[in-house]
Amino acid sequence: MPTIPEPSRTSYGLALILHAHLPYVRHPEHEDFLEERWLFEAITESYLPLLERLNRLCDERVPFRLTISFTPTLLAMLSDPLLQGRYLKYLEGLIEFTQREIQRTRWQPAFQRLALFYHHRLTQARQLYEESYHRDLIRPFGQMSRRGCVELMASCATHGFLPLMDVQPVAVYAQIRVGLQAFERAFGHRPSGIWLPECGYAPGYEALLEAQGIRYFVTDAHAILFGSPRPRFGVYAPIQCPNGVLAFGRDLASSKNVWSAQEGYPGHVDYREFYRDAGYELEQDYLRSCLSTDGMRASTGIKYYRITGKTEDKQPYDPDRALEQAAVHAEEFLTQRQKQGISLNRRLARMPIIVSPFDAELFGHWWFEGPDWLELVIRKAQHDSGLSLMTLSDCEAMKQPLQAMQPCMSSWGSGGYHEVWLNGSNDWIYRHLHKMVERMRQLADVHSRAEGWQARALNQMARELLLAQSSDWAFILKAQTHTTYAYQRIHQHVAQFTRLYECLQANRVDESWLATIEAKDNLFPFLDYRIYASSPPA
Amino acid sequence: MVRDPWWIYAYWEIRPEIERAARLQLAPQETIGLQSVLRVYDVTDLSAEDLKNAHRVSDIPISSLATNWYIHTDAPAHAFIVEIGLRTAQGRFLPLARSNRLMCPRCAPAEIIDEGWKISDEDYWALIGESCGWGTGASPLDVQRMITQLPSSGFSPGMFSPGAFGSAKTPKAQERHFGLWVKTELILYGGTDPKAKVTIQGQPVGLRADGTFSLRMALPDGTQTIPVEGTSPDGRETRRVVTVVTQQTTMQTNLDGQPASDSSSSRRLIDANNP
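Residue numbers (the working numbering), protein chains in the order written: chain A, 1 to 538; chain B, 1 to 275.
Just so you know, these hints were derived from the structure itself, not from any lab.
Hints are not guaranteed to be accurate.
[As the list claims (entries may be wrong)] Computed list of lysine to aspartate or glutamate pairs in EDC-like fashion (alpha-carbon distance at most 16 angstroms, straight line): (1) B/Lys197 to B/Asp210; (2) A/Lys520 to A/Glu130; (3) A/Lys435 to A/Asp384; (4) B/Lys183 to A/Asp318; (5) B/Lys183 to A/Glu283; (6) A/Lys520 to A/Glu29; (7) A/Lys339 to A/Asp285; (8) A/Lys435 to B/Asp210; (9) B/Lys195 to B/Asp142; (10) B/Lys197 to B/Glu229; (11) A/Lys89 to A/Asp59; (12) B/Lys183 to A/Glu35.
These numbers come from a predicted model, not from an experiment.
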């Protein structure tokens with residue numbers, strides 16, 4: 001294990017956090033399902049590149065500490081044999097497509113070079129996934145954690161946005177409880193910290209966290225900055241909630257470098273243009289294997305252009321030039337942190353900790369060069385003797401005196417509160433979700449010792465409820481990007497839940513139907529519906 | 001439900017018999033001008049049962065068909081309870097349902113300063129400026145700016161979906177939103193003895209089991225000379241076919257029947273460099 005930095009020798013700490021999440025998308029009822037590609041694209045473009053780079057850093061003994069959280073829905077998909085098999089099939093299709101692309105672009109050297117680049121990348125992805133990791137991406141992350149480079153953090157069951165369910169504390173409790181159980185099953189140990197979905201926090205959650213052995217969580221900056229009493233160290237030291245659980249506030253300055261739509265690094269003209277994809281540009285018949293099952297165009301991840309500028313006239317992407325730019329941005333990021341760290345150290349008269357959380361899928365999928373940038377940041381960081389890369393547990397272990405205070409309700413969504421998940425496009429969801437929790441709780445109390453099909457039906461109700469609670473559906477409805485699917489998912493989970501409820505009321509069930517939905521929404525095999533009871537099992 | 005420090009959201013479903021029962025309490029003259037209202041109680045520091053002592057009570061007239069409402073409470077760090085009910089023209093209020101208690105978050109620095117962790121105003125605002133990446137200190141006026149400029153998590157699973165690409169996916173002319181783009185590809189195909197060896201422009205090409213081959217290529221403007229060479233299985237005979245293809249692309253724009261000068265953005269769409 002690495003040593004805990006000594007405040008006297010280190011002038012500032014940087015805690016980089018990656019939060020990995022995708023909603024549960026698994027459709028065994030169809031041969032091929034477009035939305036499953038969310039997972040496949042994230043594996044190819046984010047998870048595998050991140051794993052490969054972080055593993056390389058570990059192997060080379062580059063000293064670093066990084067915190068990564070996983071949601072249980074993502075963990076369940078990563079370990080699902082059906083999706084693992086489908087991912088490889090998807091990859092085969094893309095590899096075959098890049099072979100055709102190499103031929104097709106033979107009179108356009110700038111594009112043929114990219115076709116070769118993608119062909120190589122995808123072939124390598126297949127080799128990593130199949131031969132190096134044996135289709136299991138959870139284990140290598142676990143290994144990295146045992147090697148002391150990465151600390152793994154839990155998250156809530158289905159990435160439910162807690163502040164909009166907390167009129168029913170049992171709903172919040174269940175999201176957290178199932179999240180911790182899933183983590184323990186995936187990684188074999190209990191987590192010490194939790195990533196609250198979308199940093200959604202309201203006073204009081206710390207009690208639920210403490211009761212389940214969680215020692216810290218992450219909030220957005222204003223949770224701490226407007227907390228009471230006033231924070232002596234701003235967001236640059238964790239604070240203690242009244243019950244002793246720690247809260248870390250996000251540093252907005254470092255976030256802005258990466259997240260900001262205007263000034264953020266990912267918008268640089270040399271980086272790969274996300275919005276131009278071969279799947280939308282090439283002739284339809286030729287695309288065949290890349291189309292969705294209903295013959296619609298879909299994204300392939302084969303993207304030929306760089307951002308170029310505010311123009312439709314995009315120039316071909318140049319991976320070498322982009323990599324050089326990533327190095328410049330890594331340097332710039334560290335220089336800014338150094339300036340910030342030294343100035344804060346002077347002002348606070350103690351070692352400040354800069355907490356920088358990001359969505360893991362930002363790196364690679366959205367910002368193609370992101371994994372390279374991260375690797376370069378870590379490599380370059382070792383040359384700054386005043387900087388210490390830290391995990392959140394490291395910050396806790398420093399045992400510096402911490403201020404006690406009450407953080408404020410907040411989230412890291414646009415506007416800083418709940419508007420993204422509660423507005424005219426999605427507010428209709430909540431009456432259904434709240435009713436489901438009420439019914440779940442009622443039945444959990446009535447059936448305190450259910451067996452046989454009744455226990456199965458009750459557990460399946462809990463699964464449908466949790467799946468309906470994913471914050472993703474509300475987000476997608478708001479973002480207007482793929483609303484039909486989000487609407488169908490909510491509708492389907494509410495309908496299945498309601499039918500199960502009615503079956504239990506009538507004391508009669510169609511067991512083959514029950515088996516069908518169990519096989520379909522099959523995550524959390526350990527789930528016990530009694531977590532919703534008035535006195536849940538310990 | 002709390003939306004943010006300034007807004008709360010209420011939804012409801014009133015069973016008809018509850019509303020009927022309430023109406024039965026009304027004298028006939030009271031049914032004239034009957035209005036559905038949301039009554040908002042400011043119950044900061046009060047318990048939920050203490051509505052009578054509410055700091056402030058305000059009514060929002062609503063349509064009787066409404067099933068939900070966003071309420072502009074405009075009071076961060078205050079607590080609210082909302083009732084839905086019927087109000088008579090005479091001012092009598094018949095509640096039909098009551099909400100849970102809501103606590104809106106504070107959206108300003110706390111007044112309380114911890115004796116053990118003293119911080120001056122100047123230091124506090126300097127820290128806020130630092131946290132926001134503004135380089136300099138902030139002032140109370142900047143609080144709103146900070147919240148609105150939060151670098152919010154801009155990523156969502158929706159971004160994996162094709163819908164996320166919208167119209168930005170296909171090249172288009174910008175000025176009048178009318179675009180036309182044309183590209184050409186060349187398919188070269190042929191056949192020979194399945195055991196023969198074939199090269200196209202010097203590069204070997206794979207043969208299918210029946211000896212046929214095909215190749216599809218993006219065709220840029222200009223002249224391409226494409227030699228295809230086949231060598232018999234015994235290596236004794238070669239045959240060479242040379243195809244020469246010339247492509248020239250032009251574009252003209254007419255606007256309202258008149259030839260218009262090609263806008264640079266649309267002219268560039270026909271770009272031999274595009275795959």
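| said: Check the structure against each numbered hint from earlier and tell me which ones fail, lowest number first. | reply: 2, 3, 4, 7, 8, 9, 11 and 12
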